[in-house]
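Chains as they are written, first to last, in the numbering used here: chain A, 1 to 304; chain B, 305 to 698.
It is worth saying that the hints were derived from the structure and are not from the lab.
Incorrect hints may appear among the rest.
For each label pair, taking beta carbons as the anchor points, the in silico distance ranges come out as [what the hints assert, rightly or not]:
(1) B:Ile357 / A:Lys88: 48 to 54 Å
(2) A:Phe70 / B:Pro317: 53 to 59 Å
(3) B:Ala483 / A:Phe227: 28 to 34 Å
(4) B:Gly463 / A:Phe70: 35 to 41 Å
(5) B:Tyr495 / A:Glu22: 43 to 49 Å
(6) A:Gln246 / B:Glu318: 51 to 57 Å
(7) B:Gly496 / A:Arg74: 43 to 49 Å
(8) B:Pro317 / A:Arg273: 43 to 49 Å
(9) B:Ala483 / A:Glu105: 27 to 33 Å
(10) A:Asp93 / B:Lys396: 43 to 49 Å
Among chain B residues calculated to face chain A with C-beta under 8 Å, some are [stated by the list, open to error]:
(11) Met398
(12) Gly434
(13) Asp439
(14) Met474
(15) Gly477
(16) Val485
(17) Arg486
Model, not experiment: these values are computed from the prediction.
A virtual CB, placed ideally from N, CA and C, is assigned to each residue, including glycine.
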Amino acid sequence: MIELPERTRRISASRLEEILREHDCASVVDPFMGVPTHLNYLKRHGMAVHGGDLVEWFVRAGEGIVVNDFTVLRDNEVAEIVEMLPGKIYALDLFKAWEGVFFTEEQCIYLGVWHDNVHNLRSDGQTGLAILGLWNVLCYWLQKVQYPDDMQDIAPSELAWNYIRKTEQWVATNLRRNTVRRADVLSTIGAQSADALFLAPPARNSFRSADARIWMWEAWWQGNPYFNIEHAYRDSLFGRRSADEQGYARAVAAVLSSAQEYPLVVLQTSEQRVRDFEPHMRNARANVEIRAPHPHEVYLIGTK
Amino acid sequence: MALAQGTGGSSSPESVALGEVLAFFGTVADFAVGSAPEEGDRIASLAAAMAQIAEISEEEKDALYFAARLRNIGGLGNPAFAKGEERSERDKMMAGWDVPVDGARISARIEALPQSTADIIRWQAECWDGTGYPDQLRWSGIPHTAQLLHLARMYARIGDPEEALSAITMESGRCFAPAYVRTFVMWFHTYGGEIEYVPPPYHCLRSERTSVREVLDCLSAQVDAHNATPGRAGRIAGRCAEIGACLGFDSEQLRQVTLASMLFGIGELRAQAQEASQFDPLGRLGIETRAQHAVDAAKLVAQCPYLAELAPVLRARAEWYDGTGAPEGLRHDAIARPAHALAVSIAFDALDESYRSRITEERALPIVRLETAAGTQFDPEMVRALADVVKARA
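Based on the sequences and whatever the hints tell you, model everything.
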């Protein structure tokens, strides 16, 4: 059975919005975007948002719910994603390597079908919505292995349909330009100007123990079940060069010093890791406020 | 029975009063968003019972109780429910996603509440699979108390116990964490789906941090926001207090008229915008509607022991001095003096607002129009006192 981390990072977009509004911010950049649901929330509340990440499917998902203002999927389009289309030839064994290890035979076949169908979608917005919706199916399947008697058996296409429909309800416009990019943290910070920079830096060496739900979906998107997500991070600022404590500290300092143009920097971490960041934040910013609504949700708020 | 014993601890009179008013705040919000009466009590009791099974700490249980009672306060003033410009169904749905956050922001200002109350309210609609709102948190990122509240809300909303059991088990791994669905199933089979009333844990409220008046001020401001009548309660309370001072109201009458001024708007929460504004506050047109609002407000305050004495005052604010009003046709001294003062102040405020906004430019000054209704709709003594107040302010 695959091990799924009990605790995943909690990013509360509504709490972040409160902090940003207190400082009269109308735009924000997040270079460690991850699954960009928090950027979608900020966008829906009128903020211009810009995200960046090295994992491609995060960026694609961002094209669905961050960049995309209007595009949704019609019923027939959802049907064309979730079902095997008659007359079309699929690589049904694309994810056979996962069969019996993580997924059943039927699930692996569906993963192959969906991979093909999603890659044939016509717009980036639709592709992003489908990727994010189908990721929820993957998560459901992996969780079901942990709770076989508690969770219902739901037909893959039905599950996929429901999750894609749920995902697309978040599509909204804020009449602003919103962007996502596949780039390292410093490139994203330098590429945009905004009122605020939001940082939720990965823990040291965390790329080596990435959540299976994250790396598997990148592997799915790439169509390669052996895909190793370490490749995405290896030469990045928070990749191998920051594997040791000093390297990690240098990376954090580099990020904060590159953010000097931003009037506000909000760094989210946990009580346990706040000491990794506080000295750097105090070096980089004249005023630093620490807000800790929860041990796993601590904000370092730095202003000029 | 253990579940009916509450969470223990003795409550000071101040914390009981505060607790009753907080519960009332929740009841008013439930009314505004169309929740069934008693639903707040049922949800709070079920959440508390499940928290007991899940062995959640006493402090968290207390927070969960108040979060359950106050779960809808963000609905007061939210565009999905409030009066205001017409919105599409989709816009309403999206605005509705903000109800938990708005509720969290309001409850965070009430410092007397247990610490995590605001966060439970904030994340009460999050789903374990990340498809909830507002933050789309997932898995262990959602506080377990917020999951229990979500579960209790679903159970209460569905109504039929067997149907609710089936719906909730279907949501295991989607809306709800499997562990909490198991907790629910355990509760269901132990108690046959019957929710036992749990006494409110008022002892946990830090009444030195928030006064009853502060909660009522907050409620009143939310009600005004909901009714699209910003600042109305404050203006009317001010005029009522001045009328009372002119006429020598005793302290109890002054207290009653002030509180009634702050609360009469709760009866209008479910009214449509046009329904509330289409009638001239003078004359018989719309008297049934005004009486219904008065009755609704009186029914709501009657549920709060701390405020129950205001019910007759609120109920009588649509009565006419000459006995031809509604709902009961009371006349002269059968109508409490605070109700007379409230009625004339409400009418003056409506006339004054429309006069100021030039809706009725061709008409006479509000106080002149009110004087024409003295002796029929309004107590002449009250109209004279109000005229003095208005002149003194001018």
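Do the hints match the structure? See the list:
1. Separation of isoleucine 357 (chain B) from lysine 88 (chain A) is about 51 Å and conforms to the stated range, judged on CB atoms against 48 to 54 Å.
2. Between phenylalanine 70 (chain A) and proline 317 (chain B) the Cβ separation comes to about 57 Å, which falls inside the hinted range of 53 to 59 Å.
3. Checked against the hint of 28 to 34 Å, the C-beta distance between alanine 483 (chain B) and phenylalanine 227 (chain A) comes to roughly 32 Å, which is consistent with it.
4. Taking 35 to 41 Å as the suggested C-beta distance range, the pair glycine 463 (chain B) and phenylalanine 70 (chain A) conforms, at roughly 38 Å.
5. The hint said 43 to 49 Å for the Cβ distance between tyrosine 495 (chain B) and glutamate 22 (chain A), and at roughly 45 Å that hint holds.
6. At roughly 56 Å, the beta carbons of glutamine 246 (chain A) and glutamate 318 (chain B) sit within the given window of 51 to 57 Å.
7. Glycine 496 (chain B) and arginine 74 (chain A) have their C-beta atoms about 46 Å apart, which keeps the hinted 43 to 49 Å range intact.
8. Checked against the hint of 43 to 49 Å, the pair proline 317 (chain B) and arginine 273 (chain A) passes, with Cβ atoms roughly 46 Å apart.
9. Roughly 29 Å separates the CB atoms of alanine 483 (chain B) and glutamate 105 (chain A), a value that falls within the hinted 27 to 33 Å.
10. Take aspartate 93 (chain A) and lysine 396 (chain B): their Cβ atoms lie about 47 Å apart, and the range 43 to 49 Å holds.
11. Because the beta carbon of methionine 398 (chain B) sits about 7 Å from the nearest beta carbon in chain A, less than 8 Å, this interface hint is met.
12. Nearest Cβ of chain A to the Cβ of glycine 434 (chain B): about 7 Å, under the 8 Å cut. The hint holds.
13. This hint holds: aspartate 439 (chain B) has a C-beta 5 Å from the nearest C-beta of chain A, less than the 8 Å allowed.
14. Because the smallest distance between the Cβ of methionine 474 (chain B) and any Cβ of chain A comes to about 6 Å, under 8 Å, the interface hint for this residue holds.
15. Evaluation of the glycine 477 (chain B) hint against chain A yields a held restraint, the C-beta minimum of about 4 Å falling below 8 Å.
16. Annotation: valine 485 (chain B) was flagged as interfacial toward chain A, and the flag holds, the nearest CB pair being 6 Å apart, inside 8 Å.
17. The criterion of a C-beta within 8 Å of any C-beta in chain A is met by arginine 486 (chain B), whose closest approach is roughly 7 Å, and the hint holds.
The structure agrees with every numbered hint stated previously.
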